[in-house]
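Asker: As you go down the protein sequences, you meet chains A and B in turn. The opening position of the first sequence corresponds to residue 1 in my numbering, with each subsequent residue numbered one higher. The opening position of the second sequence corresponds to residue 1 in my numbering, with each subsequent residue numbered one higher.
Rather than coming from a laboratory, the hints here were simulated on the basis of the structure. In this text the structure is predicted, and so the values were computed from the model without any measurement. The beta carbon of each residue, even a glycine, is placed where N, CA and C say it ideally should be. Incorrect hints may appear among the rest.
Unchecked claim - Listed below are several chain A residues computed to face chain B (Cβ distance under 10 Å; list not exhaustive):
hint, residue
1, E222
2, K257
3, T258
4, Q260
5, R296
6, Q299
7, T301
8, R302
9, G306
Said to hold, decoys possible - Some residues of chain A that are not near chain B, with every Cβ distance over 10 Å (derived):
hint, residue
10, D55
11, A58
12, E72
13, V84
14, Q95
15, Y105
16, D133
17, H160
18, S170
19, R223
20, K283
21, G319
22, D323
23, M351
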Amino acid sequence: MRQSYDVIIVGAGIIGASCAAECAASGLSVLVLDKGPIGGGVTGTCMGHIVILDDSEAQFALTRYSQRLWNELATKLPEQAEYVRCGTIWVAADQEEMQEVHRKYKSYTENGLEAEILDNKALLKAEPHLAADLAGGLLVKQDSVIYPPAAAYYLLKQSHKNGAVVRSASEVKAILPEGAVGFSCGTIITGSVVINACGCQAPEFSKMAPIKKRKGHLAITERRDGFLNHQIIELGYLKSAHAAAGDSVAFNIQPRKTGQMLVGSSRQNDSDDPSVQHHILSKMIKRAFKYMPDLRDVQVTRTWTGFRPATDDKLPLIGPDGDSGKIWIAAGHEGLGITCALGTAKLLCDMIMNRPSEIDTKPYCPSRFAKGNTEDV
Amino acid sequence: MSDNVQITINGKTASVTPLTVVATALACEGVTRFRRSVTGEPRTPLCGMGVCFECRVTINGQPNSRSCQVLCEDGMEIVTDE
Numbered sequence: 001m002r003q004s005y006d007v008i009i010v011g012a013g014i015i016g017a018s019c020a021a022e023c024a025a026s027g028l029s030v031l032v033l034d035k036g037p038i039g040g041g042v043t044g045t046c047m048g049h050i051v052i053l054d055d056s057e058a059q060f061a062l063t064r065y066s067q068r069l070w071n072e073l074a075t076k077l078p079e080q081a082e083y084v085r086c087g088t089i090w091v092a093a094d095q096e097e098m099q100e101v102h103r104k105y106k107s108y109t110e111n112g113l114e115a116e117i118l119d120n121k122a123l124l125k126a127e128p129h130l131a132a133d134l135a136g137g138l139l140v141k142q143d144s145v146i147y148p149p150a151a152a153y154y155l156l157k158q159s160h161k162n163g164a165v166v167r168s169a170s171e172v173k174a175i176l177p178e179g180a181v182g183f184s185c186g187t188i189i190t191g192s193v194v195i196n197a198c199g200c201q202a203p204e205f206s207k208m209a210p211i212k213k214r215k216g217h218l219a220i221t222e223r224r225d226g227f228l229n230h231q232i233i234e235l236g237y238l239k240s241a242h243a244a245a246g247d248s249v250a251f252n253i254q255p256r257k258t259g260q261m262l263v264g265s266s267r268q269n270d271s272d273d274p275s276v277q278h279h280i281l282s283k284m285i286k287r288a289f290k291y292m293p294d295l296r297d298v299q300v301t302r303t304w305t306g307f308r309p310a311t312d313d314k315l316p317l318i319g320p321d322g323d324s325g326k327i328w329i330a331a332g333h334e335g336l337g338i339t340c341a342l343g344t345a346k347l348l349c350d351m352i353m354n355r356p357s358e359i360d361t362k363p364y365c366p367s368r369f370a371k372g373n374t375e376d377v
Numbered sequence: 001m002s003d004n005v006q007i008t009i010n011g012k013t014a015s016v017t018p019l020t021v022v023a024t025a026l027a028c029e030g031v032t033r034f035r036r037s038v039t040g041e042p043r044t045p046l047c048g049m050g051v052c053f054e055c056r057v058t059i060n061g062q063p064n065s066r067s068c069q070v071l072c073e074d075g076m077e078i079v080t081d082e
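The task is simple: from the sequences and hints, build the whole structure.
Answerer: Written as structure tokens, this is what we have:
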């Protein structure tokens, strides 16, 4: 193996893999390192929902840009990536939440997205297993689902075709300021730049990555073909996702290409413990029963947890770490890492190569968290 | 020793000693294909303790029953390789 590269990427999750594919396609020599297997972190434990969100203008811009890139890639993805454009239904429990349906509809359609307001009858026609008393919902048509580790594997394979070297089971001990990585055996590999794409582990290598772990639980069911047609999320999810403190659950269910269903979601801010906690799981499943009572007859076959890499302002860190131009960060996407992966990679590669970007990169710049810079946030 | 219990495996009658685990009964009767994966590959018990879900069969009409967690009962009908 050569000992110098244009770009060294630490982390072979969906973000690192996307960066590798983009940088290698742009003609850079690339080395990807991960302490574990490909997609062995949150990429392997998350839902894989490619979804547009509009909590902020910057979030909307990045999710929309990145989703468009996924749409363009969709036909090239292998069968194992299990890509399905099933759409998302945001479910309103009551009339108050229907107001949010109307707001979201206006915001999405004004920006050229396809959406449709569903009343109670239309909602039940689209998803017959939902509870009969729900007020309605918003169908967002271009959202899709994917199996993230397989997508990460595909992206790394593409990068490899363009000359990238991918090494799993290679634990980096330090990212060095001169743009190199060090291993515990003493070996140092140099690069023109190093990208920190370590998700929840990003803070171990960077002072400029104020990323917190937000624990989530997921359950997957047996195969039930035709039971579920869309990814469904309760609109209360946004309240849950925004809760700064405490544990919360929200109904979120996803149809897999295999006929299985992935059931979520939970959010815990102060847990480092990866074990499944039954009081949280039980709360999450009961929430699902409230929205979809027929789920009581469906067996869950596995449950697990994962940690979302979260930032305080709900936006990822994409950009330079410090002023040297040697170290870069692409991390902190919380629940939108899969959605934003391709867009993140494009933006970061644009910055590294000094190319213009399609969307404004400033809102994601890690320096917004630097001391004395907090008013800019 | 109490009498054996009679079960049927894919329509064929078998006789097993009481308190035999279904997965064991199936193995003793020469069943190797317990279920099929999403892509149609054969699956057989792995963990034997209810965690891996590889040993799922249909027991008395209930699909996806973990055969390693159920004891044979008289008249039980088991269908495998689905």
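Asker: What hint numbers does the structure not satisfy?
Answerer: Numbers 5, 9 and 19, in rising order.
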